[in-house]
Each structure stands twice: as structure tokens, then as C-alpha cells.
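**Student:** Chains as they are written, first to last, in the numbering used here: chain F, 1 to 137; chain V, 1001 to 1147.
Hints are computed from structural coordinates only; laboratory data are not their basis. Even glycine gets a Cβ: it sits at the ideal position worked out from N, Cα and C. Fair warning: there could be bad hints in the mix.
Away from chain V, derived, C-beta distances all over 12 Å, residues of chain F [claimed, not checked]:
#1 Q33
#2 T35
#3 V60
#4 L96
#5 A109
#6 A117
#7 P124
#8 P135
Not close to chain F: a few residues of chain V, all C-beta gaps over 10 Å, as computed [stated by the list, open to error]:
#9 S1040
#10 G1069
#11 A1141
Between beta-carbon pairs, the in silico distance windows are [to be verified]:
#12 F/V110 with V/H1021: 34 to 40 Å
#13 V/E1067 with F/I83: 18 to 24 Å
#14 V/E1068 with F/G64: 53 to 59 Å
#15 V/D1061 with F/A136: 52 to 58 Å
#16 V/L1022 with F/A109: 21 to 27 Å
#17 F/E100 with V/S1096: 36 to 42 Å
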Amino acid sequence: MSYTVRGFRDPFAAARTEFERNLGVQTDSRFAQLTVAQDAGGIVVRLDVPGMSSEDISVVVEDGVLEISGERKCVVPEGGQQIFSNRHTGQFRRVLNLHESLDPDSIDAVLADGVLALRVARRPELQPRKISVKPAG
Amino acid sequence: MSTHTKPRFSLFDELDRGLNHLVNEVLQQDGRRTLSPPLSVVEFEDRYVVSCDLPGVVLEDIELSLEEGVLLIRGSRSEVSSEDAKVTVNERRFGSFERRLQLGRDVDAESVSAELGDGVLSVTIRKQQQVRPQKISIRKAGDPEQG
């Protein structure tokens, strides 16, 4: 008996795609690649946006969906001629579904050295808290 | 029915291949594969300006050299993250990067300046004086030479 399983070449690829689909991350971006790091307090999303100023980037959160978009313009100074470029220009858009445990009102965005860092805290009632133990009496 | 038939497909082989693939990917990210960051070159009459995207890279981690008309930009990018954070999505690449750029022999290796801002490294390389286009004045035949 022989059997083949189609579309099952890389079982991890399937798991990864499924995971990313749940998060709602679009994976085919040439620009604004991102990482999501998670700790007890919430998540930090970091995007590579070299050469962009904060005015060129828009961060919108609506109905638990975080959208980061903008446009990188190709500016060639006067008197110059661009003879080569493989840098990305044009619009970009990244969308992430925020888990319901995250507080959309808590988003804090910082742009430094071409990296945009977005911190989203866990809802206050879900934050880890230390409970003090009192002696009896 | 024979009991010695070897299955042509084995889930364990697939799993093994998948694991190897995953491990290799992690190892590559660990600096085995050199990244080549995107760049652009703009030529002016007297200089070249090379811009290279290096988001999140600190100045100390960049090495720049110009030798025989070849500009070399290299260094490494490391992630800043707290130890207890778990990375769940990882598209950004870290590790060493290198970009070589042949600029020709008309460049002046002594006059290279570079600045890093907003994650972009801008390198300005002046062209040598004698190869810049020079304006040559034409005098009328018979007129005495000026100067």
C-alpha cells in the first residue's frame, strides 16, 4: 500500500502559517517587517521602518485590529541622479489582530533609529499581581 | 498481503525533515547567513551618496571602508529584548550584514564622510578633482592667452 499526502511537505510551515493567520499577520511584506515579543505585561511589536519620520507613519487601532501604515517616498536631491536602488519605496500596511486579553487603549508607540516599537499592555484585570500573605490574627 | 512492504511515505521522515529545516533556519538567523541590507546610490557631479537601510543598528556596530574604489559596509545587528520575553512572530533578521559596492577608481578615498540617522546610513564619497567635468573656456583665435 502506498499513500501520499499532498501539501504536507513541511509540517512546521503549516503550523507556522496557521499561527500567523490567527494573529492576522500578513507575511508577504517587503518593508516594515515585524517581530512580536510577548511577556507577562503584554506584547511589544517592532517594525523596521528605516528613513521614516513619525509624520509619515499612521498607527490606528479599531475593534481590536491594529493597523500600521505609511508611505516611504523616494526623494532624490536636486542635482543628483539615482543610479541604483533596491530600497523599498511606496506604501506599506501591516495589520495585526490583537488578542482580547490586550488593552487597545494602552498602546504606546516609539520611533527610534528606524524601528517603530509598539507596546500593548495586557488588560489591567489580567495583569499579573502579587498577593501579599498576611499572618493569621 | 506482504508484511515487509516499506511505506513510501513516513511521517517520521517528514517530521525529521521539518525539524532539520526549522533548526537550520534558526542557525542561519544566528549569523551563519550574511544579510545584505538594501541600498541606493545617487550620483552628483562631484560626489556619490550611498544610502543603506540599517534599522536598529548602532553606530559602534558598523564598519566602513573604501579601498580601490570598492565601498564596504559591514557590521551586525542585534535584537534588544528582555530575557523573559517570548518572540512569537519573527520576520526581522538579525546577525551580520555586508554590502560591497564597486564605485570605480574616480573616487577620492580620503574624503569619505558618513552619518547614521533614522536607521539609514548615508555615505558621501567625493570624486577626484581631475575627473570632475571642468568648464574649459574657449578663446578667440589670435587673442592673447589670459592669466
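**Student:** List in ascending order the numbers of the hints, as given earlier, that are violated by the structure.
**Tutor:** Of the numbered hints, 1, 2, 4, 6, 9 and 16 do not hold.
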